[in-house]
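Asker: Chain H: place on chain G using the hints.
Protein chains in written order, with my numbering: chain G, 1 to 163; chain H, 1 to 445.
Treat the hints loosely; a few may be bogus.
[To be verified] Residues from chain G shown here face chain H by an in silico Cβ test under 7 Å; the list is partial:
#1 His22
#2 Ala24
#3 Ser25
#4 Pro32
#5 Cys33
#6 Ala70
#7 Ala72
#8 Ala127
#9 Leu128
#10 Pro151
#11 Ala155
These are calculated hints, taken from the structure and not from any lab test.
The beta-carbon is built from N, C-alpha and C at its ideal position, and this holds for glycine as well.
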Amino acid sequence: MTDAPLIDEELEAFLQSGVSLHAASRGAANAPCLMRALGCRVSPDRRQVTILLAASQCGTMLADFAQNGAIAFVASLPSTHRTVQLKGTDAKAGAPQPGDEAIADRQRAAFRDVLTGMGYDRAMPLALTGGDWSDVVAVTFTPTSAFVQTPGPGAGAALARRP
Amino acid sequence: MKALTLDAIRLGLESEIPALIATCAADGTPNCAYLSQVEYVDPSHVALSWQFFNKTRQNVLANPVACLVVVDTRTIARYRMVIRYLRTETSGPLFERMKAKLAGIASHTGMEGVFKLRGSDVYRVESIERVPGPVLPPPPERRNLLAAVRDCARRIGAVTDLQSLLDTALDCIAENFSVDHALILLRDAGGGRLYTVASRGYPDSGVGSEIALGQGVIGVAARERTPIRIGFAQAEYAYGRAIRESALREGLALETEIPLPGLAESHSQLAVPIEAFGRLLGVLFVESDEDLRFGYDDEDALVAVAGQLGTSIHVMQAAAEAEEAPAEGDAIRTPVAGSPLAVRHFAENDSIFLGRDYLIKGVAGSIFHALVSDFLADGRTEFSNRELRLDPRAKLPDLSDNLEARLILLSRRLDERDAGIRIEKSGRGRFRLVVSRPIELVAAG
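Looking at chain G on its own, in the form it has when it is part of the complex:
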């Protein structure tokens, strides 16, 4: 693979900084399914992203990934509205790795700080990012396209690979 990874160092840091994360799948008859994620991890070569999701909250999503691998993944920072979407076709669920729980905990704490900084009562961010770790699954995919989705005229533009 000669192309530079789609995710540069700055985006890698953004994705893992404690932002609002959501994943979507495509099910039977092109019916999508959507859920919030607990955290994410970018591979050292920045060519793969692993999303940590609570299986009990996923609806049909895990079955959809097993069936066709199509995924959309959105990361957004509520305080600035900066939003990025990654897409891939090879999403595959597996067990979380050692250390994933610590990664998710750190990202959830950082996201809670963002929300409390915006004036939300502390209970709300805690509940929003809460969840039982026992049923967490790790869904890994290779981003094949990335888009800016910050609201405004530039929304929808594809992120270019940096050489």
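Answerer: Chain H alone, transformed into the frame defined by chain G:
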């Protein structure tokens, strides 16, 4: 377990935590997007704000099935819905409701000038599931709104004249809904305008102030005949402040605009049309300096109260004029003393000034002009609604015009001016001109 209904979770639709939608392109590629607004339409439909020509838009036009996730800010309960795109509305009540609400959301989130409603995308809700996860206990309800509506219904149903009706309605709303600032405006059938006939909670009553159909929260509610509700401070619909400012800028020498009352920093506003028998009679307006003060349930409750208010206004108007006019005579003359008061009448718009002070214009102005003319001609002080309705000098725009409301407006303005001339009710469908100073009528302009 019973299936979740959209009604049961609609408070969660107006969440400060944005909702997300997932869609699939024709080739099956999923897409995820944040939504500014999810509007409850009815028990089986929601409308989503369409603001940009984006991937979501392309996808639902090609493949109408979507997945919506909303989070109730109060409890953090999450709901996932399967929804199906049906149509886009770009005008009409739903569109105007969402457009006004979006103006508040845009202002609150720093997106003024970015968020602009292109259309209201209506979706059928096919299923709703509660996503497992921790939830917070719901905050206590401020008030049982059904009990509040019941108390309003009982008290409004007990009054027998329009003046008491307006006062009672505002009292009931203030007490039952803990609303500190409220207005009742009635429609001027001829001019496409609304005039304030009663208010609560403002330094000046603003009785007699006017607003055009289509202007501000109140004017849009009247034009579209739908409740308009905004949850955050914003400038786009702040009509009252705009006219106050323009009046000040122009430094009007002859001030004939009565300022529309309004909070300087209104955060939540709700305007509900008052209708009866298929006709728009006016608007009930409430506001607050708190964010998100009025929710769907407050809106429903005030729509119910406005419905009863409308029926009562309609019935009282008909009843007042069905009464037989009294025989002339037995006029009560109050002692007249003091310096003469010049009543100046400008024929071009029937505006009236008492000395240098603006009183009223339009229909109420022409009515007052007729009363004063009769008083000066033969000392007459007793009048009936019925004869006035038939009097061409009153210039009533049409037979359905609410004459009683015009008289209440005139009476309140005279009381506020306290210039030695006023009118008071002397019986059902009758009233009396009470003059305690010499007056002279001056044709001005």
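Asker: It remains to establish, for every hint, whether it holds in the given structure.
Answerer: The hints, checked one at a time:
Of the supplied interface hints, the one on histidine 22 of chain G holds, with its beta-carbon coming within about 6 Å of a beta-carbon of chain H, less than 7 Å. Against a cut-off of 7 Å between C-beta atoms, the interface hint on alanine 24 of chain G holds, since the closest Cβ of chain H lies about 4 Å away. Interface hint at serine 25 of chain G: satisfied, since its Cβ lies 6 Å from the closest Cβ of chain H, which is below the 7 Å cut-off. The closest approach between the C-beta of proline 32 of chain G and any C-beta of chain H is roughly 4 Å, which is under the 7 Å cut-off, so the hint is satisfied.
The beta carbon of cysteine 33 of chain G is positioned within 7 Å of a beta carbon in chain H (closest approach about 5 Å), and the interface hint is therefore held. With a cut of 7 Å, the hint placing alanine 70 of chain G at the interface with chain H holds, because the nearest CB-to-CB distance is about 6 Å. For alanine 72 of chain G, the interface hint holds, since its Cβ comes within 7 Å of a Cβ in chain H; the closest pair sits about 4 Å apart. Evaluation of the alanine 127 of chain G hint against chain H yields a held restraint, the C-beta minimum of about 4 Å falling below 7 Å.
Taking 7 Å as the C-beta cut-off, the interface hint given for leucine 128 of chain G holds, the closest approach to chain H being about 5 Å. Among the interface hints, the one on proline 151 of chain G holds; its C-beta lies about 6 Å from the nearest C-beta in chain H, closer than the 7 Å criterion. At about 6 Å, the closest approach between the beta carbon of alanine 155 of chain G and any beta carbon in chain H falls short of 7 Å, and the interface hint on this residue holds.
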